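Asks: So you can see what is in the structure, the chains are spelled out below.
Protein chains: 2
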Amino acid sequence: MIGEDDLIARHFAPIAGPGGLGLLDDAALLSPLPGHDLVITKDALVAGVHFFADDPPGAIARKALRVNLSDLAAKGAEPLGFLLGLGLPPGTDEAWIAAFAKGLGEDAKERACPLLGGDTVRSPGGLTLSITAIGTCEAGTMTRRGTGRAGHLLAVTGTIGDAALGLRLRLEPEAEWAKALSPKARAFLLDRYLLPRPRNALAASIHAHASAAMDVSDGLLGDAVKLAASARRGLAPRIALQGVPLSEAAREAVAIEPSLMRAALTGGDDYEILIAAEPGEVDALLAGCAASGCPAHVIGTLEESAAPEFIDADGKGVRFGALKFEHDWKS
Amino acid sequence: MIGEDDLIARHFAPIAGPGGLGLLDDAALLSPLPGHDLVITKDALVAGVHFFADDPPGAIARKALRVNLSDLAAKGAEPLGFLLGLGLPPGTDEAWIAAFAKGLGEDAKERACPLLGGDTVRSPGGLTLSITAIGTCEAGTMTRRGTGRAGHLLAVTGTIGDAALGLRLRLEPEAEWAKALSPKARAFLLDRYLLPRPRNALAASIHAHASAAMDVSDGLLGDAVKLAASARRGLAPRIALQGVPLSEAAREAVAIEPSLMRAALTGGDDYEILIAAEPGEVDALLAGCAASGCPAHVIGTLEESAAPEFIDADGKGVRFGALKFEHDWKS
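Residue numbers (my numbering), protein chains in the order written: chain Z, 41 to 371; chain C, 41 to 371.
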C-alpha cells in the first residue's frame with residue numbers, strides 16, 4: 041500500500057518543473073514574464089463520460105493535458121505549466137499510476153508544459169481528472185473568442201470529425217459502416233478519439249493573424265455559432281460544408297455511410313482551432329499554419345444574420361437538428 | 041433540462057470577476073502585478089471522502105474554496121481568483137446548483153477571490169470538485185514550507201482538533217461522549233468540520249515574520265513533522281502538547297473522553313497555519329496575528345533530531361501510532 045506522499049514523490053515529482061517546488065509545498069510558484077498576461081484554463085474529464093475507464097492510463101493522462109493545451113493554443117498563448125487534480129478509484133494499483141504518470145510526463149516534456157502541482161484524492165465513484173493549464177502571451181494580446189466581425193473569414197485547422205467518428209467506432213464496432221471501413225482508416229479514427237492533437241504549434245500564427253478564435257471541442261457547427269454569438273447578437277457563421285476539411289479516413293467513412301457527415305460536423309472532440317480573420321490577414325494566417333505543420337482551411341464567413349447558414353455542394357441551405365454535442369448531467 | 045452553457049450563464053457568470061471574461065471564452069485572463077509572483081494551489085474534494093453528499097450545497101462550495109484559500113494564506117499570498125472544476129451527478133437539480141453557486145459567490149466576494157473560469161461536467165460516480173486558487177506576493181517572497189531551521193519556534197493559529205471532533209460527531213453521533221457534550225459545543229464542532237476558517241487575514245503577518253509555514257490539513261503532529269522534514273533530514277519538531285490551543289468545545293469533549301485528544305492532534309481538516317519563526321520574530325508574529333483577529337500560539341521548536349518529540353504536561357514523551365490522517369485510495 042502506497043500513501044499519497046510516496047505516490048507523489050515516486051511518480052509525479054520526477055515530472056514536475058521548477059515552479060512545482062518538488063511538489064513538497066502547499067502551492068506552486070510562477071514568476072510571470074514582465075509585460076505578459078496569464079491565460080488560464082481548466083478542463084475536467086470523467087471516466088465513462090470523456091474517456092473509457094479501460095483506455096490505456098498513459099493515453100488518459102495525455103488526453104487530459106491535451107484538451108487543456110488546446111484551449112491555450114486557441115488563445116494564442118504559450119504554455120507555462122499545469123496542475124493536476126487526480127481522483128483515483130479504490131484499488132488503483134501502482135502500475136496504473138506509473139503508466140499514467142509516464143504518459144503525462146512525456147507529453148509535458150514534449151510540449152514544454154511542466155507539472156506544477158495538484159492534488160491526489162480517493163474517488164470512490166470512479167476516475168476523475170481536472171487539469172488547470174497556465175499559458176502566457178504579451179499583455180493585452182490574448183486572442184479572444186468574441187472579437188470576430190461581419191466580413192471576417194472563418195478557417196479551421198487540421199481535419200474535422202475524426203474523433204467523433206472514432207467515438208462512434210468505439211460505441212458501435214459492429215455497425216455496417218464500421219465493418220466496411222479499411223483497417224487503416226479505423227485505426228486512424230480510433231487514435232484521433234483517444235489522443236487529441238492540440239495545435240500549440242500554431243499559437244504564434246493565431247496570435248499574429250486571428251481576429252478571434254476558439255478551440256473546437258463541442259462540434260464545429262455549434263462552436264462556429266458560439267464564436268459568432270459571443271461577439272454579439274446578429275452575427276452568425278455562413279459555412280460552405282464542402283470546404284470543411286476531412287481526413288482521408290473520414291472521407292472513406294462518409295463515402296460508405298453519408299449520414300456520418302452530420303456526426304463529423306457536430307460531434308465534438310476535434311480539438312482543432314476555429315479562427316476568424318480579417319480578409320487581409322487570411323493568406324498570412326494560412327501560410328503560417330502550413331509552415332508550422334498543420335494547414336488551416338477557409339470554411340466560411342461571419343455575416344450580419346440572425347441565423348447561421350450551412351451551404352451544401354449544390355448551394356442549398358442544410359438544417360441540423362442539434363448543432364453540437366453537449367454533455368448533460370441529467371442524462 | 042438546463043444545458044451547460046445556460047447553467048454557467050445563470051449561476052456562475054454572475055459571480056465571476058473581470059478576469060473570467062464573462063465565462064464566455066476558452067480561458068481566463070490575469071494581468072499579474074509587476075514585480076509579483078503567482079502562488080497557485082489546487083485541492084480536489086470528493087463526496088463521501090472530503091464532505092458528506094447531503095451537506096448543504098452552499099457549505100460544500102464554501103469548503104472547497106476555503107481549503108484552497110488556506111493554502112494561499114499559509115504561503116503569505118493574497119488571493120487573486122480561482123477556477124472551479126465541478127463534476128455533477130446525474131439528476132442534480134437546478135435548485136441545488138443555485139444554492140451551491142450562491143454560497144460560492146458569497147465566499148468569493150467576502151474574501152476578494154473571484155471566480156475566473158472552470159468546467160462543469162457530468163460525473164456519474166458522484167459529486168466531485170476541484171478548485172485551483174491563484175494568489176500573489178512580491179517576487180521572491182513566498183513563504184515556503186521547507187525553510188525552517190533548528191532553533192526556530194513553532195506556532196499555530198486558531199485552535200486545533202475542532203474539525204476532527206466535528207467529523208467524529210458526524211460519524212458516531214450516538215457515542216457516549218457525543219451524547220454527553222453540550223449542545224453549544226456540539227454545534228461549534230460540527231460547524232468547524234463543515235466550514236473551515238482559512239486564515240487569509242493573517243497572510244501579511246506570516247509573510248512578514250514566518251521563516252516557514254504550511255496549512256494544517258492532515259493533522260497537526262504529522263504536518264509538523266512534514267514541515268521540519270521538508271527543510272532537511274535531521275530536523276524534527278519538539279511540541280509541548282499542553283501548549284496546543286484547543287477551543288472551549290474541544291476541551292469539553294476531551295474532558296469527557298480523554299482519548300479524543302489523540303484525534304484532535306492527528307485528525308486533520310484544521311485549516312489552521314503552522315508557522316516557524318526565528319525567536320526574534322515571534323513577538324511580532326503573535327502580535328500581528330492577534331491584531332488581525334486570530335491569535336497564534338507557540339507550541340514548540342524545530343530541533344536537530346532524528347525523531348519528533350511530543351511532550352505531555354508531566355514532561356514525558358508521548359508516542360502516537362499514526363501522526364496524520366491520510367486519504368488512501370486503496371481503502
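Take these hints with a grain of salt, some might be off.
As the list claims (entries may be wrong) - Heads up, incomplete: computed chain C residues facing chain Z, CB under 10 Å, no partners named:
| id | residue |
| --- | --- |
| 1 | I55 |
| 2 | T172 |
| 3 | A173 |
| 4 | S287 |
| 5 | E288 |
| 6 | A295 |
| 7 | S299 |
| 8 | I351 |
No lab work stands behind these hints, which were simulated from the structure alone. As the structure is a prediction and not an experimental result, all values here were calculated from the model. Even for Gly, the Cβ is constructed at its ideal location relative to N, Cα and C.
Asks: Now tell me if each hint is right for this structure.
Replies: Right, here's what the structure says about each hint:
The restraint placing C:I55 at the interface with chain Z is violated, with a minimum CB-CB distance near 16 Å, outside the 10 Å limit. Contact between C:T172 and chain Z, as hinted, is supported at the beta carbon level, the nearest pair being about 4 Å apart and thus within 10 Å. For C:A173, the interface hint holds, the least distance from its beta-carbon to any beta-carbon of chain Z being 8 Å, beneath 10 Å. At a threshold of 10 Å, the smallest CB-CB gap from C:S287 to chain Z is about 24 Å, leaving the interface hint violated.
This hint is violated: C:E288 has a C-beta 29 Å from the nearest C-beta of chain Z, more than the 10 Å allowed. Annotation: interface hint on C:A295 violated; nearest CB of chain Z at approximately 33 Å, more than 10 Å. At about 24 Å, the closest approach between the beta carbon of C:S299 and any beta carbon in chain Z exceeds 10 Å, and the interface hint on this residue is violated. Against a cut-off of 10 Å between C-beta atoms, the interface hint on C:I351 is violated, since the closest Cβ of chain Z lies about 26 Å away.
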